[in-house]
Amino acid sequence: MILVIITNKQTINVVTLKITSAVNCVSPLGEAIKALCLYATGSECYALDVHRAVVEAVNNVILHAYSNQDGHDIIVEWNQEKDSLRIDITDYGLSMQTLPDPVLPEFDAESGRGWWIINSCLDEYYYKVVEYSQTNKFYKPNSDNGYSEEFMVKSHSNVLTLIKHF
Amino acid sequence: MILLEQKHNDINIVELSGRFAMADCSDVRERLKSLIDEGQGKLVIDMAKVSFIDSSACAVLISAFKGMQLKSGRLVLVTSSAVQSLIELTRLHTIFEISPSQVTALSAFDER
Chain H
-18 MILVIITNKQ TINVVTLKIT SAVNCVSPLG EAIKALCLYA TGSECYALDV HRAVVEAVNN
42 VILHAYSNQD GHDIIVEWNQ EKDSLRIDIT DYGLSMQTLP DPVLPEFDAE SGRGWWIINS
102 CLDEYYYKVV EYSQTNKFYK PNSDNGYSEE FMVKSHSNVL TLIKHF
Chain Y
366 MILLEQKHND INIVELSGRF AMADCSDVRE RLKSLIDEGQ GKLVIDMAKV SFIDSSACAV
426 LISAFKGMQL KSGRLVLVTS SAVQSLIELT RLHTIFEISP SQVTALSAFD ER
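Chains as they are written, first to last, in the working numbering: chain H, -18 to 147; chain Y, 366 to 477.
One or more hints might be untrue.
Said to hold, decoys possible - With a cut-off of at most 20 Å between alpha-carbon atoms, the simulated EDC-like pairs for lysine to aspartate or glutamate come out as follows:
(1) Y/K398 - H/E25
(2) Y/K398 - H/D64
(3) Y/K431 - H/E25
(4) Y/K431 - H/E91
(5) Y/K436 - H/E25
(6) Y/K414 - Y/D375
(7) Y/K436 - H/D89
(8) Y/K414 - H/E87
These are calculated hints, taken from the structure and not from any lab test.
All chains, please: the whole structure from these sequences, using the hints.
Given below as structure tokens:
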């Protein structure tokens, strides 16, 4: 199921789609993104490029961030900006430590083409890990040291941003 | 995605239509493997009606290609514009034999 939230109904320039991490959700999501891109640009080529990049990126989230496990949220925010489209893909799974190089593997390799496709279809992309932390300061009566501190990373999100200029 | 099988003399033909993406790969891979294992080394994968493929689908095609090579067989692809553009983007057109239509793909087997 895809949950769609349209932020501004007068001019549709931000659309948020939410799916679960199931492989059968990727195609409908991709088609929705393609339709939005066609709406924004009227260009089949542009829409196909973005469609391809988003599908590869979401495939990676399911396979790697969520280890191919169903039931986890993937949020795709489509933003029409002045000179470009920006798509933010958010997950709450395993974070990447580095962005893979967008190189083609050996011709007979059965994996590893995703980042090449993403890189070829877009103008820019970047990845960030957002950590939500909590610092607790414990004050105890009659304590000489004032307080003790405990720092915890409570949760995180991973956001892959894809940008294609008009 | 819809998968249809047919045979033309000793040539197996698989026609795919719709979207060929990660969700479909497992079934297609399994079916192609059976056809390659049981067939006579001649396979056409007709994707003229495929509207979208991703890198997972490319992996299935490569697997089929390798399986055919092991049998000293021959695989010919028929592509739609969407399929062709991704195959060219990933430079796989340098290894796959591609025909513009099923008719020409079948004729190609007669020529050799």
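Given the hinted pair Y/K398 and H/E25, is their alpha-carbon gap at most 20 Å? violated (34 Å)
Proposed proximity, H/E25 with Y/K431 (alpha carbon, max 20 Å): violated (33 Å)
When you check the alpha-carbon spacing of Y/K414 and Y/D375, does it fall within 20 Å? Between Y/K414 and Y/D375 the Cα gap is close to 23 Å, so the pair fails against 20 Å, i.e. violated.
Can the restraint linking Y/K414 and H/E87 be considered satisfied, given a maximum Cα separation of 20 Å? violated (28 Å)
For the pair supplied as a hint, Y/K398 and H/D64, confirm whether the alpha-carbon distance does not exceed 20 Å. Roughly 47 Å separates the two Cα atoms, so the pair is violated.
Y/K431 paired with H/E91 [C-alpha distance capped at 20 Å]: holds (10 Å)
Is the hinted pair Y/K436 and H/E25 satisfied, with a Cα-Cα distance of at most 20 Å? violated (40 Å)
Would the pair Y/K436 and H/D89 pass a check requiring their Cα atoms to be no farther apart than 20 Å? OK: Y/K436 and H/D89 at ~16 Å, within 20 Å.
In the structure shown, a violation is registered for the earlier hints numbered 1, 2, 3, 5, 6, 8, in ascending order.
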